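If you read the sequences in order, they're chains A and B.
One point on numbering: in our numbering, the residue at position 237 of the first sequence is 244, and numbering is uninterrupted.
One point on numbering: in our numbering, the residue at position 44 of the second sequence is 33, and numbering is uninterrupted.
Please keep in mind that the hints were generated in silico from the structure rather than gathered at the bench.
Keep in mind that this is a model prediction, so the values were computed, not measured.
Be aware that a few hints might be false.
Stated by the list, open to error - If you anchor each label on the Cβ, the simulated ranges turn out as follows:
no. : chain 1 : residue 1 : chain 2 : residue 2 : range
1   : B       : Pro145    : A       : Pro168    : 33 to 41 Å
2   : B       : Arg170    : A       : Leu174    : 15 to 23 Å
3   : A       : His24     : B       : Asp161    : 28 to 36 Å
4   : A       : Thr163    : B       : Arg170    : 14 to 22 Å
5   : A       : Pro168    : B       : Arg170    : 13 to 21 Å
6   : A       : His160    : B       : Gly169    : 45 to 53 Å
7   : A       : Lys293    : B       : Ser174    : 54 to 62 Å
8   : B       : Asp109    : A       : Lys157    : 17 to 25 Å
9   : A       : Pro145    : B       : Asp161    : 32 to 40 Å
For glycine and all other residues, C-beta sits at the position ideal for the given N, C-alpha and C.
Below are the chains, spelled out letter by letter.
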Amino acid sequence: MAGKVIDLHAAAALVPHGATISFGGFTTQRHPMAFVYELIRLKKRDLYLFGHSPGGDWDILIGAGCVKRVELAYEADEAFNTVGPRWRQAVERGEIEWEDYSNFTMVARFTAGAMGIPFMPVRSLLGSDLLRKAALVPKQRKADSRTSPKKLHVMTSPFDPREKVVLVPAIHTDFAVLHVQKATTNGMVRIEGQTFADIQQALCADTVIVTAEELVDEDTLRREPERNPIPFFTVHHVCNVPYGAHPYAVYNYYDYDPVQLKEYHEGVRDDASFQDYLGKYVCGVKDHNEYLEAVGGEKRLSTLEASPAFGYSPNLKRRRL
Amino acid sequence: MGAPDYTLTELMAVVAAREIVDGEVVFAGTGLPMLGVMLAQRTHAPNGIVIFEAGTMASQLAHLPMSVGDPRVMRGAATAAGLLEVFTYVLQAGRVDVGFLSGAQVDRFGNINSTSIGSDYRRPSVRFSGSGGACDIACLANRTIIIAKHEKRRFPERVDYITSPGWLEGGDSRRRSGLGRGGPSVVVTTMGVMRFRPDTKAVYLASYHPGLTPRAVADATGFTLDIKDATETAPPTQQELRILREEVDPERIFLK
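Build the full structure now, drawing on both the sequences and the hints.
Okay, here's the thing in structure tokens:
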């Protein structure tokens, strides 16, 4: 394969211990899970994550001991579980450093980074404890130059003294890793459905890695350039990873996997059962193909197949499994 | 009086739906808000527009989503974009009429905690998901509807952490904080419906659900609840129940 294509293992191996990373997707869709599992197999440590509403991508990395510090708005799988079990445990045990923002302010921060400006003014947070309280103390902020010295700053508009805004600091990460529907070997990206904050996250990262359900011809994507919002020259590496977001959904390709999500959320509440899960699906399998076999192979995956009319699996059994 | 022919979840979904006015732009989260908005669209508010923060506008849902980032919210959507477009051009710009909020704790001024429990925020005894878009909706929607489970510990005098600002300390304190609009209009709970006094911005019990008494609701509240104006919540109609069960949630994703 030509151009920017590398295999998943080689891509994950590019991430050093302690790197700052953001992953694309939103709670139950388009997280680069195959890449995340590979980071766990490679025993990456001290990762520093930035996100708005991650889900099981962060939760399993946190549980596997790969993460030191996070800045986030939300960590859960919504109706599958209203809090990420390993995230919750890590905070309650004092095993992780974190800072709370909201979805809007995290996205504003990614956007500022992507635009090359130091901060973004927003009208949110006023009156809340997100504004008044910081989880990271000054000493922790000072210890890592990648953390903003201040969580935020409240100011009056220089143009109108009646207007109060909150400035939130730009984010720059070493890596952004996205999982998308289609990509080309030279780094063109096609996201179908909601884009979440993938575009802003990519554009504030030094190195962008894209894992894609399929590699397609450049001509195909050039026919509708208005649907390719990420400049291809900002994407560094492309991996072809079918089912790369499993157990989460990819619009037009496959649905989330309620059986797998149930096994995760019901099974990982204590340390021993979490280690069992990791052994069975991540560390005990060699690669993504073995993972797909471990979760049930073709038989399971075919139940998730998206109907062309809906972009998801309309008859998927989601409750009383 | 025999046992009612509806469940508490059904009653709450119906009460929430009735809060939506036809033609409004509604910012909905996962669960009960989705039931409420879908029911409203199929009854009195056919021109209601639903916005999901992960990036879709005016979906025509065919199946209940299990998250706001679910591929199901793409069904019939008029616009699909990302969080930035929804939060800036729609929510911050003042184009959301009503947003739904919920959390682990709600106080008498409608401030909500969905972050953590404990007196020291840095060392919480229980940690939750965190704000997500809740703080943004609380700050920037033109009004909000709060959904909550009614238990004494969930309705304390003060919440441990204000994730989503309501009327803050009451009176005009919300406006003084710099928030130019919005604020909660109603709290729909498992026991009743609470609204806010126009001057003090403190909640009062507007209605108690059938089978309960105002006193029972007050006893399950961690602060002194004003119950003098309470009447009984109007039960769901047969038509509302049929639509909820047969059209909105035939898979029983959220209905119990």
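Exercise. What hints, given by number in increasing order, does this structure fail?
Worked result: The structure conflicts with hints 3, 6, although it agrees with all the remaining ones.
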